[in-house]
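Participant: Sequence:
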Amino acid sequence: MHLLGRSNRWLPAGLDKRLPHLAVEPGEEPVPAAAGAPAGLPGAGSVVHGFVRTDEGEPVPDAVLTLVSPGGGRIDRVESLADGSSILSAPASGAYLPAATAGVHDPWVRHIMIGDDPLVHDVTLTDLGVTR
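The numbering of the sequence shown is the working numbering, which starts it at 60 and goes up by one.
Hints are computed from structural coordinates only; laboratory data are not their basis. None of the values given here were measured: they were computed from a predicted structure. Take these hints with a grain of salt, some might be off.
Across the chosen pairs, the derived CB separations fall in these ranges [unchecked claim]: (1) T113 - D75: 45 to 53 Å; (2) G116 - P71: 54 to 62 Å; (3) E138 - P71: 37 to 45 Å; (4) P129 - V179: 17 to 25 Å; (5) L74 - E117: 32 to 40 Å; (6) T125 - D176: 15 to 23 Å; (7) K76 - R133: 33 to 41 Å; (8) L70 - A154: 31 to 39 Å; (9) G131 - G174: 18 to 26 Å; (10) G73 - R169: 39 to 47 Å; (11) G73 - E115: 52 to 60 Å; (12) P120 - R77: 40 to 48 Å; (13) R169 - L70: 36 to 44 Å.
Note that CB positions come from ideal geometry on N, CA and C, so glycine has one too.
Let's have the full structure, built from the sequences with the hints guiding it.
Facilitator: Below is the structure:
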């Protein structure tokens, strides 16, 4: 290995595409590009945007929003801004689970369907221990 140096880690592109990509540590799940759109270009996915608010309509800044794939892998993670706004990126249309957590509020999770157009989805958080 010492004699080959950097060439030791070289893998032909064609072979790299055919081999499975495995991750030992948990993290963001690799997702395929949307059909018909090259990866990294606009239109290759969609977004979920909206506001995080309390039952009283007050914005919840610094809420952590996570978009989870049907397989359970984390796709995107953001914190809401001072006005409660947030934008999560989805790699392709389909079913996803957005989840939100914030300090003194109950966790929030829903099932959503994302299409080719941006989806507006607001989150309403309740205080811990408050029943509906």
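Participant: It remains to establish, for every hint, whether it holds in the given structure.
Facilitator: Structure-based check of each hint:
| no. | hint | result |
| --- | --- | --- |
| 1 | T113 - D75: 45 to 53 Å | 48 Å, holds |
| 2 | G116 - P71: 54 to 62 Å | 57 Å, holds |
| 3 | E138 - P71: 37 to 45 Å | 40 Å, holds |
| 4 | P129 - V179: 17 to 25 Å | 21 Å, holds |
| 5 | L74 - E117: 32 to 40 Å | 54 Å, violated |
| 6 | T125 - D176: 15 to 23 Å | 22 Å, holds |
| 7 | K76 - R133: 33 to 41 Å | 24 Å, violated |
| 8 | L70 - A154: 31 to 39 Å | 33 Å, holds |
| 9 | G131 - G174: 18 to 26 Å | 22 Å, holds |
| 10 | G73 - R169: 39 to 47 Å | 41 Å, holds |
| 11 | G73 - E115: 52 to 60 Å | 58 Å, holds |
| 12 | P120 - R77: 40 to 48 Å | 46 Å, holds |
| 13 | R169 - L70: 36 to 44 Å | 40 Å, holds |
When each numbered hint is compared with the structure, violations occur for hints 5 and 7.
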